[in-house]
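> What follows is the residue order along each chain.
Protein chains: 2
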Amino acid sequence: MSTSAASVCVVGSVAFDSIETPSGSAADVLGGSCSYFAVAASFFAPVNMVAIVGSDFPQAERDFLDSRGINLDGLEVVDGRTFRWTGRYHEDMNVRDTLDLQLNVFADFSPQLPESYRDSELVFLANIQPGLQSRVLSQLRSLKLVGADTMDHWIDEDRDALLELLADVDLLSINDSEAAQLSGEANVVAAARSILEMGPDTLLIKRGEYGALQFSADDIFAVPAYPLEHVIDPTGAGDCFAGGLFGSLAAAGEVDRKSLRRAIVHGSVLASFAVEDFGLNRLKRLTREDVDARFRQFMALTDFHG
Amino acid sequence: MSTSAASVCVVGSVAFDSIETPSGSAADVLGGSCSYFAVAASFFAPVNMVAIVGSDFPQAERDFLDSRGINLDGLEVVDGRTFRWTGRYHEDMNVRDTLDLQLNVFADFSPQLPESYRDSELVFLANIQPGLQSRVLSQLRSLKLVGADTMDHWIDEDRDALLELLADVDLLSINDSEAAQLSGEANVVAAARSILEMGPDTLLIKRGEYGALQFSADDIFAVPAYPLEHVIDPTGAGDCFAGGLFGSLAAAGEVDRKSLRRAIVHGSVLASFAVEDFGLNRLKRLTREDVDARFRQFMALTDFHG
Chain A
1 MSTSAASVCV
11 VGSVAFDSIE
21 TPSGSAADVL
31 GGSCSYFAVA
41 ASFFAPVNMV
51 AIVGSDFPQA
61 ERDFLDSRGI
71 NLDGLEVVDG
81 RTFRWTGRYH
91 EDMNVRDTLD
101 LQLNVFADFS
111 PQLPESYRDS
121 ELVFLANIQP
131 GLQSRVLSQL
141 RSLKLVGADT
151 MDHWIDEDRD
161 ALLELLADVD
171 LLSINDSEAA
181 QLSGEANVVA
191 AARSILEMGP
201 DTLLIKRGEY
211 GALQFSADDI
221 FAVPAYPLEH
231 VIDPTGAGDC
241 FAGGLFGSLA
251 AAGEVDRKSL
261 RRAIVHGSVL
271 ASFAVEDFGL
281 NRLKRLTRED
291 VDARFRQFMA
301 LTDFHG
Chain B
1 MSTSAASVCV
11 VGSVAFDSIE
21 TPSGSAADVL
31 GGSCSYFAVA
41 ASFFAPVNMV
51 AIVGSDFPQA
61 ERDFLDSRGI
71 NLDGLEVVDG
81 RTFRWTGRYH
91 EDMNVRDTLD
101 LQLNVFADFS
111 PQLPESYRDS
121 ELVFLANIQP
131 GLQSRVLSQL
141 RSLKLVGADT
151 MDHWIDEDRD
161 ALLELLADVD
171 LLSINDSEAA
181 QLSGEANVVA
191 AARSILEMGP
201 DTLLIKRGEY
211 GALQFSADDI
221 FAVPAYPLEH
231 VIDPTGAGDC
241 FAGGLFGSLA
251 AAGEVDRKSL
261 RRAIVHGSVL
271 ASFAVEDFGL
281 NRLKRLTRED
291 VDARFRQFMA
301 LTDFHG
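From first to last, the protein sequence lines are chains A and B.
Quick note: the first sequence uses this note's numbering, first residue 1, plus one each step.
Quick note: the second sequence uses this note's numbering, first residue 1, plus one each step.
Source of the hints: derived by calculation from the structure; they are not laboratory data.
Just to be clear, a hint being listed does not mean it is correct.
Taking lysine to aspartate or glutamate and the EDC-like style, the derived pairs with C-alpha atoms no more than 16 Å apart in a straight line are [claimed, not checked]:
no., chain 1, residue 1, chain 2, residue 2
1, B, Lys284, B, Glu61
2, A, Lys144, A, Asp108
3, A, Lys258, B, Asp303
4, B, Lys144, B, Asp201
5, B, Lys144, B, Asp168
6, B, Lys258, A, Asp303
Okay, the calculated bits of chain A under chain B, using three or more residues with CB under 8 Å as the criterion [stated by the list, open to error]:
no., region
7, 42 to 56
8, 184 to 191
9, 221 to 235
10, 261 to 270
From the structure, some residues in chain B lie toward chain A, with a derived Cβ separation under 7 Å [unchecked claim]:
no., residue
11, Tyr89
12, Val189
13, Ser194
14, Pro224
15, Pro227
16, Arg262
17, Val265
18, Thr302
Where a beta carbon is used, it is the ideal one built from N, C-alpha and C, also for glycine.
I would like the entire structure built from these sequences, with the hints used as guidance.
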């Protein structure tokens, strides 16, 4: 990647979530993998969003996304209701139950990229059906970096399409249980070795409150999670991690060992803010100065070199 | 602490362990908190050991400990058998069952420090009954740094004695479930805040394969565990962590933010080697050069500053 200030194209879901956690509850907050990713990435670079919403999608949310420098040319609006998800987190917030899921207009999503997006050099395929992720890839003609996420459901139910996609993915971002499931290996190092053979050059394994590990053929990087006393809502933390990471890489203009490590810390920073309030509420009042201050706190948290 | 190359005094158990893990098994290997701590610390500083063994304790093990620069003047030998423990680890090696426990001569342990130990400036009270830990403290007259470990059993069954001890402890080293149990707080930051109010200035929370967090009133340090593809036997990893930490602090001669952080990484290094073979087998063939090389690998693993 040679251009600086490149934009990031992201495809995924936009939803309204109703969430109950041990800390409280929130109804109908803006969510979905594409929303979390796009808002997190927007702290670093312009974002081109590809998603679908219903005719109920409020102008206020469009205005918010627009205010973050997010291009909505690829946000398809169709008659009907936007995707809705209702979930409840356990006392151990690593565990949650889906209480209700209404795909609504998302059920017929077939991503179609506007002409203005087709020269995007960075794309992130947030968690949707692997066939749709591949369909987005085929519409891009200047790709330099392809990132993807997935989930247990696709690993189990659509493995062939996922493996086909992975051959074209540069950076896969999944959590530790998904890595174990995809590879059949319980040990995280063995799992990473196996997944790198499926295609990606870089694997990011997210471990929630324990941080993240990044593997490539000849390098491992570890970053802790920022220790938080009050976690309000973990929804979207992984998508914000990926958004911060890709936004930071787009801003750096080059993908090398140094920019990738800084980008992973930027991902950790955005994820740490995301969980401090319901939905995107914390990110709605976040500033770039807050981001930079917490990046410095990550340096202080991990430094034993000086 | 102003002297350099200070020695570390440690009290704890010496045992013979028979261990079964998903990777294999080993019978009657040298173990116990005091053995693990002492051998790990000996890579950095002289160690004064306080423990009890039976008349069955082999000369070969004495010779090994002696070869590591460990002073055995405080290793009491009495008629009878040495402490024996038999345990089996689950596929998830964070879980283990005790199959057999024979305290033997350890049941009557009442630590008595040789005169030559009484000016030790650093002491580590490895996991034994809190009353015995306090008894050791009262025999030391030049203390600069008091470290301690404990376990779920004492937190439940001997809480008053433990709290009394903690008032005199500078650095408490426990694992995450013990921190939650001691504080009654599930969140690790809240748990740390609560435990720091019990006496220790510094709290080290060990999180197994996820690394460790160090808390003090105004500082948090996080270090990942070294990612290992093959973990053979987790027994003693926490004691080796504490041994590496205290040995490194003794060698540094000063306890400040920098030496403490380096010492915690040294603890992580020793713990990472310890689990690579049964009992102390890996440490028996370890060199200081291996230790320094893995310390540099920890720098490479965590660095995003340059």
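> Are the hints correct? Go through all of them and say.
Quick rundown of the hints versus the structure:
| no. | hint | verdict |
| --- | --- | --- |
| 1 | B:Lys284 / B:Glu61 | holds, 11 Å |
| 2 | A:Lys144 / A:Asp108 | violated, 29 Å |
| 3 | A:Lys258 / B:Asp303 | holds, 9 Å |
| 4 | B:Lys144 / B:Asp201 | holds, 13 Å |
| 5 | B:Lys144 / B:Asp168 | holds, 11 Å |
| 6 | B:Lys258 / A:Asp303 | holds, 9 Å |
| 7 | 42 to 56 | violated (count 0) |
| 8 | 184 to 191 | holds (count 5) |
| 9 | 221 to 235 | holds (count 9) |
| 10 | 261 to 270 | holds (count 4) |
| 11 | Tyr89 | violated, 13 Å |
| 12 | Val189 | holds, 4 Å |
| 13 | Ser194 | violated, 11 Å |
| 14 | Pro224 | holds, 4 Å |
| 15 | Pro227 | holds, 5 Å |
| 16 | Arg262 | holds, 6 Å |
| 17 | Val265 | holds, 5 Å |
| 18 | Thr302 | holds, 6 Å |
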